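Residue numbers (our numbering), protein chains in the order written: chain A, 1 to 236; chain B, 1 to 124; chain C, 1 to 322.
If you're looking for bench data, these hints aren't it; they were derived computationally from the structure.
Worth double-checking, as some hints may not be accurate.
As a list, the in silico DSBU-like pairs of lysine-lysine whose alpha-carbon atoms are at most 30 Å apart [stated by the list, open to error]:
#, chain 1, residue 1, chain 2, residue 2
1, C, Lys156, A, Lys17
2, B, Lys54, B, Lys72
3, C, Lys159, A, Lys17
4, C, Lys36, C, Lys318
Computed, partial: chain C to chain A, Cβ under 10 Å [said to hold, decoys possible]:
#, residue
5, Gly99
6, Met111
7, Met119
8, Ala123
9, Leu150
10, Ala153
11, Leu157
Non-contacting residues of chain B with respect to chain C, defined by C-beta distances greater than 12 Å in every case (computed) [what the hints assert, rightly or not]:
#, residue
12, Gly41
13, Leu46
14, Ile48
15, Glu86
16, Ala106
17, Leu117
As the structure is a prediction and not an experimental result, all values here were calculated from the model.
For each residue, glycine too, the CB sits at the ideal point set by N, CA and C.
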Amino acid sequence: MRSLLYADSCFALRRMKQYLLVALVIALVPVLLGVSRGSDPLDIPAAFQMMVGIVALYVMLFFTLCASFQADEMGGWERARLTLPVTRRDVVLGRYLFILLSLCSFDLVITLLGVASACLLPQAFPLMRDAFDLGGMLLAGAGSIAAFLALVSLQMPFLFMWGARRASFALSLPALIPLASMVIPKDAVALVARAAIVWVGSWGPWPVLLVCLLAAMVMYGLSALLSCVLYERREL
Amino acid sequence: MEIVLSNSSGVPIYEQIASQIRSCILSGELDPGEALPSIRGLAATLRISAITTKRAFAELEAQGLIETVPGKGSFVAGIDPELLQEERLRRVEQALSRVLLEAREAQLGRQELVEMLDLMFEEE
Amino acid sequence: MARCMESSVGTLDLSGEPSDLRVRGLAKSFDGFALKDVSFGVPRGSVVGLVGQNGAGKTTIMRGILGELAFDGGEVELFGQRLSGLDDAALRAVKSRVGFVSSVCAYPGEMSVAQVATMHYLAYPQFDHQLFEELAERMGLLPHDPRPHLSHAARKLVKDLSRGMGMKLQLACALACGASLLVMDEPTAGLDPIVREEVLDIIREYLEPGDKSVLISSHITSDLEHLADYVMMVDAGELLFSCEVSRIEDEMGLAQLRAAELEQVLRADERGFGPLRALRRSGVTALLVADRHAFGRQFPDYVCDPADIDDVMTLMVKGEVI
């Protein structure tokens with residue numbers, strides 16, 4: 001399985017290098033814009049703009065990972081890799097593991113960037129000190145892992161069952177996120193957000209997060225098992 | 001020992017190999033006890049199947065010209081000098097029968113043939 | 001001799017010899033094509049060549065042997081172990097002893113040569129990086145450098161490799177991973193004769209110790225004539241014949257006969273030269289003879305040349321038994 005993880009990482013790193021500059025711009029511009037206006041942390045629209053940037057980054061990661069599936073089918077690699085001493089199960093579990101590991105390391109990088117900005121930017125923008133708090137960042141980081149895993153768990157079985165070409169509808173799911181952010185009225189989001197904040201406030205954010213993470217991991221695990229079964233029977 | 005194979009001669013490859021090695025042994029080019037290339041090594045050099053070289057070696061062994069030691073390879077057997085002479089005589093006989101055939105076609109009589117032979121002996 | 005001319009399956013009985021690969025009764029259906037009851041073995045230390053037209057089933061057989069595709073019926077045995085009965089760990093262990101080379105380099109296009117080698121190193125417990133570098137340098141994939149893995153050539157991407165280089169990369173990886181069985185699907189297709197000979201020489205070297213085997217399919221029958229010990233022919237999903245290559249070269253013949261001559265041959269009382277297959281072409285009949293020496297003795301005036309694999313193929317597919 002190590003060889004498959006290695007192959008996936010070679011591909012992902014090469015793709016990410018291409019996206020990196022664009023991703024950084026997309027990530028930082030909204031943050032800076034939001035900050036320069038001296039935002040209040042509970043000012044949803046400004047915070048939202050920051051979120052869009054981060055979400056765009058995640059979308060980039062997502063497309064990179066999905067591109068792995070597409071790249072498999074070019075040149076016959078998805079067949080050729082089975083001539084290595086790996087089983088079909090190794091292929092599926094390897095891909096799931098790879099996505100999990102990529103996600104965690106990506107998250108770590110984003111969080112570190114956030115921490116760095118928190119340390120550096122407040123010096124330029126004094127109001128920032130309140131806008132960034134470490135706890136909040138970690139919460140957001142862990143929360144996004146959960147969300148990502150949940151989303152991917154839904155898509156992967158389709159991809160393993162039909163392959164990237166026939167299951168391309170599954171690949172376009174993340175495109176809905178930025179679309180949704182543009183289409184859904186901001187008031188509705190604010191309403192849901194405030195309700196969520198209240199709920200989280202009553203329980204405390206960390207237990208809620210733990211439950212979400214656990215649920216996402218279970219979903220991911222079940223998805224992996226399903227994909228194994230589906231892939232075993234697939235004609236390449 | 002350089003073996004040259006002909007694809008178009010019609011003679012089976014293993015026979016070509018066996019006869020060329022036999023010539024080398026009988027002419028003294030290969031000394032008794034000298035190691036022959038391995039079956040696969042020879043097959044690789046000649047660009048043929050190892051089954052063919054194996055067959056050639058088997059035939060040489062059957063004729064008592066080589067000995068195969070398992071694990072070590074094949075070696076030229078010590079040639080019985082009587083056997084050697086017998087082989088040489090056989091070759092001369094063969095050559096003579098070819099000569100007689102040609103002579104018949106050229107309509108040469110026995111006397112003329114003997115004269116030719118005497119001349120050639122003198123020249124040597 | 002007649003064995004070679006039968007059209008039944010599994011005509012060459014190699015069951016007594018230790019085989020690295022043995023398949024029995026393989027069957028697979030696609031739409032428009034079906035593999036039927038294919039059985040053969042690759043004895044240890046030998047080269048078995050697989051010939052047949054495009055779409056005859058050669059690639060299907062090979063893909064199935066490597067586990068890329070599941071057969072509908074039949075059994076694959078690698079190194080004496082049935083693949084169907086193995087658990088994951090055992091399956092990996094068996095597969096790690098098989099190397100595969102295809103005419104098309106299917107490694108991920110965005111990986112570099114050095115990365116492909118590393119991937120094999122991670123996949124095969126016996127991967128020898130030194131051997132990989134030696135072979136790669138010899139075949140021109142990497143330069144003769146003290147540290148070739150750092151060279152520009154090592155960073156070349158798979159998608160930028162020419163067809164010949166792509167195949168050489170596969171070959172270098174397959175040999176460096178310590179495989180006991182090499183399965184090759186048209187490895188020399190589309191390559192010039194010089195490169196083909198290089199590749200064949202490397203395969204011959206690989207075979208020298210005597211404990212490695214090769215299963216190779218090819219259209220270039222002259223390559224097989226200079227490498228293979230046995231040849232098998234597949235047509236429309238069935239195994240038509242199998243025999244030793246030397247039998248074809250040393251014993252079989254292709255006679256070209258005029259109508260009157262053919263009559264004579266057919267009327268012959270004793271057919272010491274074996275059963276016949278014929279192909280008629282504008283008045284002249286090409287006749288495949290199992291023993292050309294016997295034929296030559298019986299009919300010394302008729303044209304009878306040594307047969308080659310192409311002749312046998314043509315006559316087995318297009319000819320008729322007479």
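Now the hints, each set against the structure:
no. : hint               : result
1   : C:Lys156 - A:Lys17 : holds, 17 Å
2   : B:Lys54 - B:Lys72  : holds, 15 Å
3   : C:Lys159 - A:Lys17 : holds, 18 Å
4   : C:Lys36 - C:Lys318 : holds, 20 Å
5   : Gly99              : holds, 8 Å
6   : Met111             : holds, 5 Å
7   : Met119             : holds, 5 Å
8   : Ala123             : holds, 4 Å
9   : Leu150             : violated, 17 Å
10  : Ala153             : violated, 17 Å
11  : Leu157             : holds, 9 Å
12  : Gly41              : violated, 7 Å
13  : Leu46              : violated, 9 Å
14  : Ile48              : violated, 7 Å
15  : Glu86              : holds, 26 Å
16  : Ala106             : holds, 23 Å
17  : Leu117             : holds, 31 Å
Hint check: violations occur at hints 9, 10, 12, 13 and 14; the rest are consistent with the structure.
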